[in-house]
Amino acid sequence: MAEVSVDITEQALMLGQDEALAAIVTRPVMEAHAPAIIILNTGVAHRVGHHRKFVTLSRRLARAGHTVVRFDFPGLGDSPAMTTDASLLEGNLFAIREVANWIEQAFSIDRIIMLGLCSGADQSVIYAGRDTRVKGAILLDPSIPRTRRYHINDFSRRIRSRALWTNFLSGKGRIWDYTRSLFRKDGAVSVSSRQFSRPNLEHPEAISFLEGVYQGAIDNGVNLLGIFTAGQEYQHNYRTQIVDALPKVHFADRVSLHFLRDCDHTFIRESYRNYMYSLVADWLLSEFPDDRSPNHGVASGDDIESMEF
Amino acid sequence: MIPFYFGSRERKLFGVFEPAQNGGAKRAVLLCYPWGYEYVNSHRSMARLGTLLSHTGFHTLRFDYYGTGDSGGEDREADIEGSRRDIVTAIEELIELSGVERVSIVGLRLGAMLGVAAACEKPHLVDRIVLWDPVVEGGQYLQELYNLDDSISIPGVGPASYFSEELGGGREVMGLPMTHSVAAGISDLDLTSRLAQLPHATYAVATRSSHLQRQLQALLEQRADGSAFERLDDHPAWHEEWPENAGAIPVAVLNRIVSWLK
Chain A
0 MAEVSVDITE QALMLGQDEA LAAIVTRPVM EAHAPAIIIL NTGVAHRVGH
50 HRKFVTLSRR LARAGHTVVR FDFPGLGDSP AMTTDASLLE GNLFAIREVA
100 NWIEQAFSID RIIMLGLCSG ADQSVIYAGR DTRVKGAILL DPSIPRTRRY
150 HINDFSRRIR SRALWTNFLS GKGRIWDYTR SLFRKDGAVS VSSRQFSRPN
200 LEHPEAISFL EGVYQGAIDN GVNLLGIFTA GQEYQHNYRT QIVDALPKVH
250 FADRVSLHFL RDCDHTFIRE SYRNYMYSLV ADWLLSEFPD DRSPNHGVAS
300 GDDIESMEF
Chain B
0 MIPFYFGSRE RKLFGVFEPA QNGGAKRAVL LCYPWGYEYV NSHRSMARLG
50 TLLSHTGFHT LRFDYYGTGD SGGEDREADI EGSRRDIVTA IEELIELSGV
100 ERVSIVGLRL GAMLGVAAAC EKPHLVDRIV LWDPVVEGGQ YLQELYNLDD
150 SISIPGVGPA SYFSEELGGG REVMGLPMTH SVAAGISDLD LTSRLAQLPH
200 ATYAVATRSS HLQRQLQALL EQRADGSAFE RLDDHPAWHE EWPENAGAIP
250 VAVLNRIVSW LK
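Residue numbers (numbering that gives the first Met the number 0), protein chains in the order written: chain A, 0 to 308; chain B, 0 to 261.
Chain B on its own, in the form it takes in the complex (with noise of 0.2 angstroms):
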């Protein structure tokens, strides 16, 4: 496992390599994480991830986006369109720390959606995609962050400050401000649209159900490159009931998308 930093002199961004584990390893995964509170809640999960795949042969990097963990950047820094440069820098990245030619992007909830749109910007970079409980659509997706922070029923927890148009403007949701530009990077998202330019081998896994996953299933089973969907019966790994299923690792979504790319 090695820690460490990468990207330009203006956009650190750190990292975790973590070579394959059995040599000579010939494919690479690339984790991209959610975005705000999911991202610290999903941390456990993802680095068990790198690690599973590691040990099965693949070279793996997980990172941060610019603003947020310990990249460069204040959480104000943090944006849409940079986080989706991030993983493209990351990809490139990957390729010259592993040798491999093309990639596979596995991504959760809002990095499942920014991995389908650097996959879209260099397509011959990667060859398979994961989308872990994949955000469908950026506006639905920012109304529950708000209605979830609307309703936060804490001891202590007053409601969320708005920001001045001097610190860019919007308002705290789940501890990290959603500034104007942010919410507006997150609103013009949509997976289907993205996805159908995509030739790449695709799965995606869901552990809770909704209509708009059902339409990425009916999208993703009208192919024929052996792309699928699956529901599973296990925790989400970005949304933490504490103390229910505090540090809790969905071990069968990690397993199936693990075999899944093997």
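Isolated chain A, as found in the complex (with noise of 0.2 angstroms):
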């Protein structure tokens, strides 16, 4: 069931009460105390992430001393559907505890940092408020509501886009589609193609939540890395906007903020994913610098070499 290479080793198993959970655990050979990362789903993506980035971080993770833990939840990747009374959340939740019990079980290890992009990064902080064993949470592109900053900023880079000048002098675009849709007899607005439906994070409820949400992880003893990219910038578009949009949640010294401007969501080019890799593992030494394995830090790992042990 095990791949080793001389210095991690990679082992696919089930996990969980049913064995339902389909994980790659990803290790040092050499006993590391270092706290363990579990990675999670990024919407309906594999454990294995675009770009195949969470292998590469899994194993740039594990020579760096840290056990790491991909996992499917249930109904994603390989990890088959269950049945049961519980929401999404709650499901998708009581998963991670199974990959967190097991953990604990088998290595020894009480340490969790929880590691997520996008709804995987949501998921990961509402957990980092329920496990005391949580002591870190990675948050790539998590969700947040928008500022008055954030619409001052977004304003003026459309009006110095190029593409809204050219739309408008050749016809095209929202703006003119609502101002056709004015004159239609039905009075109906077209709806792009490029249009989604996205929860509405400005609601007043919905910001209670996740103040509620990112003050229980800091209580629970969180210590929070938030990389944001450019790639949601219908959501986010500058480096403090969490502190804003979340002004009850007292985030003081618990959090670390980065705003990539040159990179999209899903890490698509390889300098991003090595960049990105690199925040992941400076916070890591950081905010964890005890008990590592002789192989600090987050080194490439293009010369990966297959032995038995």
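You may find that some hints are simply not true.
Quick list of the computed label-pair ranges, beta carbon to beta carbon [unchecked claim]:
1) B:K25 with A:S277: 45 to 55 angstroms
2) B:A251 with A:G211: 20 to 30 angstroms
3) A:A105 with B:D224: 43 to 53 angstroms
4) A:N166 with B:P158: 21 to 31 angstroms
5) A:R148 with B:I151: 23 to 33 angstroms
6) A:E18 with B:R193: 37 to 47 angstroms
7) B:K261 with A:D17: 27 to 37 angstroms
8) A:H202 with B:E95: 50 to 60 angstroms
In short, the hints are calculated from the structure, not lab data.
Computed from a predicted structure; not experimentally measured.
Built from N, CA and C at the ideal position, the CB exists for glycine as well.
Put the two chains together into one complex; each comes in its own frame, and the hints tell you how they fit.
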């Protein structure tokens, strides 16, 4: 079941009470006591992640001394769907707890760091407030409300956009679509194929929920690394937006924030991914400096050598 | 469902084996994934197809080529000839796991082309082939990938990087390295000439029309061994037009593949 390299090993297995969670465990061959890292699905993509980034990241983190588990929520990837009365969110949080329990039983590691992108980031921070074993959460493009400064930045960006003026002069785009709709008999506004529904995070209830989630994680002793990309420009566009958007949360020095202006949501370019890996590595070293294997840092893994032991 | 690693020590492959659910099954199916960005997009549909086949009474194995997915190797270690050899390894693994003498192959996109290439090497180990939205001509496919990457219009995304010879040369394509070696391997592939060498009954299903698909249709319809070509109006499992078809599974295609294999 296990693939072994000189310094790390990978194991495929089904975890949980019903052995229904497909997972890959990547860890150093040498015993290490650094916190374990649990990587969650992004939307409906399976645990490998877009552009294989969670495989590469798992291997690099394992070389730095971490036990890393990437797994599929029930009904995603290689994990079968489960019949349950629980909501999707509660079912997924239960699955994370099963993985954390397995890590503690199998390796006697009781410090966990959550890592996720998009929906995976949202579920990471929600879980972080519910399990005292969680000591850190690495959030890649989590969902946060837009703020007044967001809208000013967005207006400024749009007004300077060549596309806006090109569309305006050529009669294309949303402004003209809207104007034309006013003169239609039925008054219907045409729906652009690029539009999609998303939750209204600016609603007071949503803000209150998110404030509770983030404050809960912080009260639980969790340190946060937030990495935001320009790929979610419809939702966030500056580094400290989360602090402005959730004013009742006492972030203090518990959060480290980055905004990657030249990076998309899935980290499609290798250089973006490498930069993200280095931010994660630096943060882990600064927040959890003890109990590491001899291989400090997150080195490139191009020289994997396979051998049995 | 059994996730496991197989293959040699130097070339570990990740696979998921699903035993036939009806007991006493005498048939097995190997699923061959597409490459690159198409792999992630199609994983959900391929997993669903594996489960459907398993429930219908087929042993199924799907696996990641070396240097892709959860298999060993880094991105740059993936190569076309190696992937073809990985399919041969997987055929042998599936025969050993299931106890059958021959397996059927279902290949999606480049996986269809590689599946046919592997079947040419071990024709006695293969009984039927399904080509799902197959790549027909490697050179054209490669150009389509370059064009797709060059046309990316996503906030934050700059132009693709080009790599030094030290890193295998070539350039990025949709999030993964297209090294000189991989590009040359893809360019050399030609489905119709390979297919003409194979005696196996073949079913091709296409969700998009092209002149190359029509050539394939003509080739298959000449044969009198049960081979067939079908055009179905369904989602391309391998291409995501986010958010319109994110996570959508082409149910009609999956059902048709299962019924043809039955």
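Structure-based check of each hint:
1. A hinted range of 45 to 55 angstroms for the beta carbons of K25 of chain B and S277 of chain A is consistent with their spacing of about 53 angstroms.
2. For the pair A251 of chain B and G211 of chain A, the beta carbons lie near 44 angstroms from each other, so the given range of 20 to 30 angstroms is not met.
3. A beta carbon spacing of about 52 angstroms between A105 of chain A and D224 of chain B agrees with the range 43 to 53 angstroms that was offered as a hint.
4. In this structure, N166 of chain A and P158 of chain B meet the distance hint of 21 to 31 angstroms, their C-beta atoms being roughly 23 angstroms apart.
5. Separated by about 28 angstroms at the C-beta atoms, R148 of chain A and I151 of chain B satisfy the suggested range of 23 to 33 angstroms.
6. Between E18 of chain A and R193 of chain B the Cβ separation comes to about 40 angstroms, which falls inside the hinted range of 37 to 47 angstroms.
7. In this structure the supplied range 27 to 37 angstroms holds for K261 of chain B paired with D17 of chain A, their Cβ-Cβ distance being about 30 angstroms.
8. Roughly 57 angstroms separates the CB atoms of H202 of chain A and E95 of chain B, a value that falls within the hinted 50 to 60 angstroms.
When held up to the earlier numbered hints, the structure conflicts with hint 2 and nothing else.
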